[in-house]
Each structure stands twice: as structure tokens, then as C-alpha cells.
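Enquirer: Residue-level listing of the chains:
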Amino acid sequence: MIRPLRAALLLLSLSVSPALAQTGALSPIQALLQEHREAIEKSSRRTIQPAIDAIRDSGLDAAPLVLEQWGARNMWQREDDGLFFYAEEVDRDTLRIFDFATAQSIGEFPDDAFDQLKPNSGIQGLIASALVKFQLNDPDPAKRRDALAALARNGNERHLPILRESIGAEPSAGIRQQKERLERLLTISFGASDAERIEAMDHFRGDLAVDVRAALNPILATTTEVVEGDVPAEGQNIARALRPGSESFPEAAAYDLLVARDMAPARLSPDDQRNALAANIADGRVGGVPVGELSDPAARDRAYAGLVEAGLAPPAATGDEVAAAVEAHSFYERYREASGAVTEAAQEVLRSIEVKLAFNQFLDLTLDALSLASIYFLAAIGLAITFGVMGVINMAHGEFIMMGAYTGYVVQQLIPDYTLSLIVALPCAFAVTFAAGVAMERLVIRWLYARPLETLLATFGISIALQQLAKNIFGTQARPLTSPGWLDGALSFNDVVSISYIRIAIFVLALVFLAFFLFLMKRTRLGLETRAVTQNRNMAASMGINPDRVNMLTFGLGSGIAGIAGVAIGLYAKVTSELGSDYIVQSFMTVVVGGVGNIWGTLLGATMIGFLQKGIEWFNPSNTLAAQTYMIIFIIIFIQFRPRGIIALRGRAAGD
Amino acid sequence: MRNTFIARNPSVLVFLAILAVFTIAVTLLSHAYGTGGLSTSFVKTLGKTLCLCLVAIAMDLVWGYCGILSLGHFAFFALGGYAIGMWLMYARTELIVTQSLANAPIPPTEQEVVDAIGSQIFGVVGSSDFPAVWVFAHSFWLQALMVIAAPGLLALIFGWLAFRSRVTGVYLSILTQAMTLALSLYLFQNESGLRGNNGLSGLQNLPGVQAGQDEISVWFLWGSALALGLGYVLAAWVVSGKFGSVVRGIRDDEARVRFLGYSVEGYKLFVFTLTAIIAGIAGALYYPQAGIINPGEMAPIASIYLAVWVAIGGRGRLYGAVIGAAFVSLVSTWFTSGQVPPLNLGVYTVDWVDWWLVLLGVSFVLVTLFAPKGIGGLIDLITDRVTPDRHGADYGPDKGALQEGEGRR
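Note that the protein sequences, when read in sequence, are chains A and B. Here the numbering used here is used: position 245 in the first sequence is 245, and no number is missing along the way. With the second sequence counted from 1, adding 656 to any position gets you the numbering used here.
Think of the hints as simulated: they come from the structure by calculation, not from any bench. There could be a bad hint or two in this list.
Unchecked claim - What the simulated footprint calls covered on chain A by chain B, stretch by stretch (three residues with Cβ under 8 angstroms from a Cβ of chain B suffice, anywhere in the stretch; the number is not a length):
#1 270-280
#2 286-299
#3 443-454
#4 460-473
#5 578-588
#6 622-628
Note that the Cβ used here is the ideal one computed from N, Cα and C, for glycine as well.
With the hints as constraints, model all of the structure from the sequences given.
Expert: Structural data, given as C-alpha cells:
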């Protein structure tokens, strides 16, 4: 029954010519616009508010559309009858005109016949806050969330009543909670009464979210003020009195403030003095002083004094005058917020937050340090075998890490699925570096077992060759090793404490390797033979152990683990040919600090270095280079007191 | 007269003669004082090579004779370069600033000159104040003293800490490497006051000298040759007498020397500090010829290269270090400058700029494995030097002890 009627109406409206529309009855929204035509045309921030309010509160379906198009500067007025439309530009001279009531196009017209309404940014702001009401009550929850996010960024006092109104009608519990929270945050900043604001603050006691601090901190913002005589006792919300000459408020800053407030004459800067002197050179003399002598500051002062006497330069404040002026004034910091109760409450809430924040930051730092320690441990665990157990200095260990990372990269090029490629890459990296390690042991290292310094240099030769080889094959730019999707993102406990999944994975991997190493060394035949060979090669050989084979396998194993570590490190750092050399010194440090020949020592060494580096970084967060420098210096000093590391082997196993 | 210094070290005379002939030949072939057969940049390369030979002698002294495989001597080298570079940069900037301020209507005060120099030098790191380390930069003599004092003091403190806690062998190597890394990381920061990773630049211009680069390059060659000659004689003298015997004893069997009543730590500390100072002087002569110095120069890898040169030349003989440093650095310059024709293998063309490091690494491994005497061993073919017959045993139980093949009877 209704549908044909509506269709007929639609047909009618489409067939109505512009001329007819002029004479016909105006749609309700057009009537409303015409009612406020003058204000809209005038487009002044002072007089526009009633018009916007009228549109907002009209309850008409077209109201949000009008506000949206108006704010976006898409509203046009027809010159001959003053009716409002919105339009989109077809080309430079032509507009496609739409009717507000029906949101239908009524044809294309040359833009000469229309005037565009160009609300300035102030009015646009008013329109946007009027629109908020519609957005907050939009039937689409996603739009309501967007509106809340926008409000959280730039809410103001006009939004507060609208937000409060919309809470009651909110159907979704989650969004309702968000709205209530935002309402309190806005109340803190824009609440009408002090009591209301303090009450809102109380809700956020110990809340770690950043937005709470962002709302509270501006309340405690101060400005530095100066008065003659004593600090005023009342009438102002004073944060603290400042004593000129203290470290945080030097006398120069105090006097600069006086100058800025026009309460004292400016001090003469050396530049001004020089310029004044240069401007008044006459017959090779300035103020009675020959120009040639002016390289002496005292002569310059005399010359300037001469100029002042002659009335050629303004008098400048002397040191005594500056001191006297500063002495005669009182300096203090005043809260921009007038109410003392509010600032006090804000301070208290912030303090409660800070205590909790410090604790959480400590937790976060601990997690960071743990993950760094596990990275160092992972990089060093292969060394703990080759260097710690076998006593072979392998400078190419870093390059084995790099080979593992590149293997991961190559596998990823062949297998596009990241999860699968990672599963394939780990054994591949192990196989590649195991083979490389065995080859190196057979060809080079076994000839040099008694000569550790020669081993160091020979393996360094291999290291530079491998590094250059990698550069020749893969180029100098960094190659990405992308982690699978389920490793993206971070596990966050609250706004402060969070740790990325990759780091958790590396931590788990480090633990797995620790268990693997312990199992291998303590529970398997190979481990037993390895320990026997490294303690006494000849005795082991006479017991029927083949030391060549054991050495080969052990070295291969250490190298293979380096390869797997390479895949893990490549996941969170870019893969370059220098990847390994970035870790090699730290890895050796880890093993040396921990104590050679003991896996628990390596674990402790990695933990110590990780925590130390993060701890130093915490003191000076902007400078990780300094953190590394101080850490290395600390390690050098540490070695003084425990030359054999944290866990030192004793007796015959120690070797010497 | 059988026991004179020269008689015990016949190589000194030969070396000095060769060095003199070389210097005269290069002078006669230079642009400034001769036919112009050698380009100025090549004269500079030769001068730099002489400095590298000097630091290699220092390395040989500390490693080949004392058994300390220091991976930090290039840091001392760079420290010497920084010390002289500070004066060069300050004095040159001072000249420029004074010149530009001379035209100002009012003559500048001293403070203004210093401020202008500061903003010139530290503009790149966003600062204009002189950090405390520049306090001596205005004076050549004080800064020249720093060339000796800075590396010497660092070596003294570090060596004292390391030797008294009896850190030896590879641990000491790793520790010196860590020291080098810490120093280079420190200098990489802008807060270190040495212009961060920009380093010091424009060092090739001698302040107040009107001569062109062609003449300056020859002067530096003479200076480097003189330093190398003196350094060689000093090193030969140090290792030839009783002192040298103790030092070699420490290399081969430290414990035995200690039980004989010698203060092993004192000897080691002396050699370590002396070689650090020699390295510093070499650096102070090197970097004005290179023109620029930055913290990358003292990366740990540079010090390992130094050990590589000595090993390739033949450690435990001073001329071996010189031969190794000269040979490897000149061949390296030759290969990396792209002058070596590429090797066409049919399926792949070997471009030596890319493959030189691979060749160097591999040949270094081969030298370590098969020719412990290094290139210096070739000299034995024309002298009467014979290796001892120790039935394959090394000279001593220590990690740095000479191998049978490296020794002489």
C-alpha cells in the first residue's frame, strides 16, 4: 500500500523541474535552512551557533547530511532563489546538484548560478561537534567507536553534555564502558565544578593508560611568574617559589624573565655591543678608544661607556644592577589551573599512578632484558660448545650465524608460506652450518688444536672470506626474513608491560637449546666422549674413542646451533652480511664472563650482559651506543675480579 | 767487537739501506722534487704504507716477541691520529676564522675567535662549545705530547689491569678486542666531543704551509721513513739484549720466567705500552696523509688485519712484519682500486674488487697452515738461518710460543 505511494512520490520529485521546485512547498529541512538563511549566509562564528543548534536538534533525517556536507564545504546556495543544496564538482565549471531532503541528484548545472558556502575552520569545528551527537548515536557500532576515538583525540567542553546524553541510550555494554570512561576523562578537563572534576579523577587512581596521564598532566602545567616584593600569599594557585641562582633557575634566566616582562632594561649581549661599536666608528676611534685596541673586552666596555656618555647608544644594565633587580623581585611558578583543590587532587592521583607505573616499567625492563639475554644466549650457545668445551676460538662463528639467517631467507624465497618455510628453514640452517663447520674443522682447525692464537687468525681469515662471499652472492642491502603472522604483534599485560611474540619465541628457543645442550652433554654417548676428549685426548683415545670423529661432530654441532640461532636472530633483525660480526664480540664476552666450559656460566653471562645493557639504557635511553660502551668497560673490570668468569672450573678440568 | 748491536742484528743495516734507497728513489720520482714519474696520490700511498709498516713492527714486538696477541693496537694507532688531527683541525680552522674576521670593522676578541672556531668545527654535530678533550688543541707541542700520552696511558692502564689479573692467551685477545670495540663505540657518539661518526677531516692541509700537496706528500714520506727507521732500530735494540731474551722467554714459557724471578707483568706492561706509543706515532704520521679519520678506523677488524699482516710477513722477525704490512696493504690497494684485470672463467667473471677479500682470507688461512714463517721465510733461502730440530715440539707450552718452523738455531 505504502510502497506504490512512495514510488509515485519519487517519480513526481524526479519529474519536477527546477522551476516547479521553486514555487512548490519547501521540504522541512530546506524550510529550516531558509529560516536561518541570514546566519548561514553571513557565516560568522559569533552568530552561527543558533543555526547549527537548530539543525542538530531538528530531529530531521537529513540533519546529519546537511552538517556533513556543510562542514566539508560542499554546500552551495542557488543565487536566484537562495535555496541550499549540496553538490559535487563534475568538472571545473559544472556541478552535480543534490537535494538535501531526498539525497537525490537533481541534475547538472553550471556553477555560475550557485555560491559555495565556505565555513571557516572555527565554524567547521562547531559543525563537527554538532555532528558528534549523530555519530555517537549512530546505529552502526563501528561508527560509534570511531566517534569515540575522535572525541578522545580532540574532545572539548561542548562534547561533554552530548556524550553524557548518549550514554543512557547506548545498547552495547562495551561501548557504554568506553563512553563512561571518556566522559570521566573529559570531565577532568572540562567539568563544570571542581567537585565534579575531582570525583572523576578519583576513578583513575593507579590507572596506567596513557590518556589518563595526558588528561591529568595539563592540569599541573605551570607558568613562571614574577612580582615585585614577596610572593603573593593568596589569590593564585602557586606551585612553588623559585630561588634565583639555583641550578634549575639560574640568575640569567631570572633576569631574562624580567626583561621579557619589561620590568628591567635588557642586558647588553656581546653581539649587540659589537654592532653598536661598529656602527659608531669615527676617525678610527669609537667612544674615544682606537679601533685597533678593541680586541680586548675591557677596551670594548670603555668604548661603549664612551658611546653611552655621548648619547649614541642606549645604557645597558651592569652586573650590579642585574643582581639588584633580581633581588628585588620574587619568582614563582603558578598553575595555569586556578583551583588549588583540583591541582592537589590531580597531583595525588598522578602520584598513585607513578608508583604503579614505576613498578610496571621495571617489569617491562625486566622482560626486555630477559629477551636480550636470550638473544645473546642463543648467539653464544654454539660458541659455548666450540670455545667453551673444545677451546677452539672460532672467529667465523658470527658468519655461521649469518649463514643460518641467509639459509632462512633462501628457503623463504622457495616456500612462500611463512610458517612452513620457518619449519623447513630451521633444519636446513642446521644442516648447512653443520656441514660448513665439519668442513672447517677437517680442513683447518684440526691442524691447529694446540695453537689457539693461530686458530683465531685462521678462522678470522675464513670469516672475512665468508662475509665477502655473502656480499657477492646476496648484495650489500639487507634481506628481509619475514616472520609468520602468528608471531606478529605483542603480548601486552597493560599499557606499559608488553613483549612481542617474536621475543617470546626466541626466549623459548633459548630454553629449548639449553635443555638440548644439557641432555646432549650429560645423557648421550657423544656428550660423554666429547667431555672425555676435551679433558684428555690421549687417554680418551686409548679408551677406544676416536677423537678426530668426536671433535668433528662436536664442532659441527656447535656450528649447526649457530645456524639455527641465525634464523631466530634474522627474524627480528634484518639479514645482512655483517649480521654475524655484530654479535661476535658480545658472544665471546658472554662465554668469557660466564666462565668457559660451563653452560650455566654462559646462561648467567648472557643474563648479566642483557640485564646490564638494559639497565644502562634505562639511565640514558637515547643513547644505546653509550650503553654498549659502558657495558664493555664494566665487563673488562669484571674480568679483573673474576678472570675465569662467573662460574670458574676448578681442578684438572680447568686445564691449567 | 763481535758482540756489538750491529753484529747481533745484521738485518738493521740492510733494512736501513733499503729504506734509504727507497726514500731517495721515491723522492727522485716525485712531482715536487724529481721527474714526476709517480703521482702525488701514489706517493701518499707509499708514505701511508711506511706508517703501516711501523705499526706492524709494534705488533710484531708485542705478539711475535712477547706472545701477547693484542687485537687493540690499531686503536692506539687511531688514537695517535686523533691526537694530531685535533691540532691540525684546530690550527687550520683558526687560520680561516682569523682571516674572515680580519675584515670585520671591530677586531675580534680572543673569545670570539675561539667561539667561531668552535662553531666551525662542531657545527656538524649541532654544537659549538669546545669539549674538555680539546683543551690542548691550540698547541702543537702539547697535542704532539698527546700523541704519545693518550695511547701510552690507555695501554698502561689497560695492560696493568689485564696483566696483574693474569689474563693470558685468547682471553687477553678477546679483552683487547673488547677494549677496541668500546673505544670505537664511544667515539661514534657525538657526546664524545670528537665529532662522532663524522670524525676529523681536512687533515691533509698543514696550517700555515703554502706548499702544495705534491711537496707535502714527499715531506710526509720522509717523516714516515725516518720514523720507520728509528722505530726499527729501537725495536731491534729492545729485543736484542738481555731484555729481549726475557721477553722471548715470556712468550714461550711465562711460568718458567716467573719462577726464575723476573717480574713478568712489568716486562709485559713495558712492551705493551711501548708498542702502543709506537703505534700512536705511526697513526699521527698516517692520518695527515690519509686526510680524514673517523671511529670506523678503529673497528676491531682493523686490529685483526694488523695481526694478519704480521703473520703473513712472518712473526718473530722485525723485517717480516715490515714485508707483511707493505706487501698486503699495497696488494690490497692494487686489487681494490680496480686496476687488476678481471679473471674470465667462462661461466663467471671474477671481478677482483669483489673477490679480493675472499682471496685474502683464503690465502691467509693457507699461510697459517702451510707457511708459518710467512713471506719472511723466503729470506732464509739466501741467509744462513736454519730452523732448529726440536722433533716437532714448540718452543714452549704457552699459547703464543714460537713453532719449531718459525725459530732459528
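Enquirer: Now tell me, hint by hint, if it's right for this structure.
Expert: Now for the hints, and whether the structure bears them out:
Remark: the stretch 270-280 of chain A is confirmed as covered by chain B, as 4 of its residues place a Cβ nearer than 8 angstroms to a Cβ of that chain, reaching the required three. Counting residues of the stretch 286-299 of chain A whose C-beta sits closer than 8 angstroms to any C-beta of chain B gives 7, which meets the bar of three, so the coverage hint holds. Counting residues of the stretch 443-454 of chain A whose C-beta lies closer than 8 angstroms to any C-beta of chain B gives 8; at least three are required, and the coverage claim holds. Only when three residues or more bring their CB closer than 8 angstroms to a CB of chain B does the claim for the stretch 460-473 of chain A stand; here the count is 12, and the claim holds.
Look at the stretch 578-588 of chain A against chain B: 3 of its residues bring a Cβ nearer than 8 angstroms to a Cβ of that chain, three or more, so the hint holds. As drawn, the stretch 622-628 of chain A meets chain B at 4 residues by the rule of a beta-carbon pair under 8 angstroms; at three or more, the given contact holds.
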